[in-house]
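Undergrad: Sequence:
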Amino acid sequence: MNDVCDSVVHAVSVSVALDVDPGIDDALALLLAFRSPEIRPVLVTTVAGNGPLELTTRNALRVLHYLGAAHIPVAAGASRPLEKPFHGALGYHGPDALGALDLPQGRTQVEPRGADDLLYDFAAAAPGERTLIATGPLTNVARAFQRHEDMPSMLKELIIMGGAFGLNQYGTGNQTPFAEFNVWQDPDAAFLVFRSGVPITVMGLDVTNDPSSALDAADLALLRTGTSREAALAAELLDYALRGHPNCPMHDPLAVAVALDRSLFEFVSGSVYVVTRDDEERGRTLLQTLELSAATHPVVQVASAVDGPRFKQLFLSRIRES
Numbered sequence: 001m002n003d004v005c006d007s008v009v010h011a012v013s014v015s016v017a018l019d020v021d022p023g024i025d026d027a028l029a030l031l032l033a034f035r036s037p038e039i040r041p042v043l044v045t046t047v048a049g050n051g052p053l054e055l056t057t058r059n060a061l062r063v064l065h066y067l068g069a070a071h072i073p074v075a076a077g078a079s080r081p082l083e084k085p086f087h088g089a090l091g092y093h094g095p096d097a098l099g100a101l102d103l104p105q106g107r108t109q110v111e112p113r114g115a116d117d118l119l120y121d122f123a124a125a126a127p128g129e130r131t132l133i134a135t136g137p138l139t140n141v142a143r144a145f146q147r148h149e150d151m152p153s154m155l156k157e158l159i160i161m162g163g164a165f166g167l168n169q170y171g172t173g174n175q176t177p178f179a180e181f182n183v184w185q186d187p188d189a190a191f192l193v194f195r196s197g198v199p200i201t202v203m204g205l206d207v208t209n210d211p212s213s214a215l216d217a218a219d220l221a222l223l224r225t226g227t228s229r230e231a232a233l234a235a236e237l238l239d240y241a242l243r244g245h246p247n248c249p250m251h252d253p254l255a256v257a258v259a260l261d262r263s264l265f266e267f268v269s270g271s272v273y274v275v276t277r278d279d280e281e282r283g284r285t286l287l288q289t290l291e292l293s294a295a296t297h298p299v300v301q302v303a304s305a306v307d308g309p310r311f312k313q314l315f316l317s318r319i320r321e322s
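Taken in order, the sequence shown gives residues 1 to 322; the numbers are from this note's numbering.
There could be a bad hint or two in this list.
Now the in silico label distances, taken between C-beta atoms and shown as ranges [what the hints assert, rightly or not]:
{"#": "1", "residue 1": "P85", "residue 2": "Y273", "range": "29 to 39 Å"}
{"#": "2", "residue 1": "P37", "residue 2": "A218", "range": "19 to 29 Å"}
{"#": "3", "residue 1": "E111", "residue 2": "R243", "range": "16 to 26 Å"}
{"#": "4", "residue 1": "E83", "residue 2": "A217", "range": "33 to 43 Å"}
{"#": "5", "residue 1": "D216", "residue 2": "A124", "range": "20 to 30 Å"}
Straight-line Cα separation of at most 16 Å, EDC-like style, residue types lysine to aspartate or glutamate; simulated pairs [stated by the list, open to error]:
{"#": "6", "residue 1": "K156", "residue 2": "D121"}
{"#": "7", "residue 1": "K156", "residue 2": "E129"}
{"#": "8", "residue 1": "K84", "residue 2": "D150"}
{"#": "9", "residue 1": "K84", "residue 2": "E321"}
{"#": "10", "residue 1": "K156", "residue 2": "D279"}
Everything labelled a hint here was simulated from the structure, so no lab data went into it.
Quick reminder that beta carbons are idealized off the backbone N, C-alpha and C, glycines included.
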């Protein structure tokens, strides 16, 4: 019976690639992705974001090794934004961008080809059937679209963690008063991606900063009673993230969650304009709702609300049990 159930789950799983910049919340997103039968991660690509590229790549390899997923291809991508200088976020994520955890390295080799080409191969292997989840700056995605102009039409969906759209009290910037970190880091890449026509779902700060979906000390206690290796790692990551903070926003796990259960979220439709000029509004994401969007501008789905308790129950139940 278990074999039959497993085959049914596998039959409906969507193959996904994860473009990440680990980062504490990226690591938590990887844990959720690899514990969820609705999706099947087949590729991980790395980008400079929370830390320099060599650090985010090392962290991705460390997490996959810990998860027993060292067979998953890992491709290194962009070490800097398309046009602007690179700025990391090690102050929050720790000196190694992963909460200073003592995780074994495992393998150190990445794929010989770069992230942009492997992302294209991923999409081209099954046009219209595969989902890309991007939880860092969009540099790799933009470079892939620039090199392979047919790639946007090949993806089933691109899920982005990025932006702040002013849809509620949470939708203001976390890097500047206007801009969310991932988009601010490479606004030129974000501009290109949002204008590409690929089917996009966006998890912005309007949802990811909602405290109802954040983990806190009570959730840390629950993770510490878990029986899985994933729970042990999640507890260590959360313990670091909570130092000096009342909770840990689940920015990147929420981007994975939309691929698992869209009913957790409410959405608004519209077109997104990204401010690319290098002033105080750099990286600002402006949403024109469907009624106001120009006919020539691609329409995307922007998350406007989340059922935080249901999301947390999903995350904790997936991570805690062996």
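Undergrad: Hint by hint, where does the structure go against what was stated? Just the numbers, ascending.
TA: The structure conflicts with hints 1, 3, 5, 8, 9 and 10, although it agrees with all the remaining ones.
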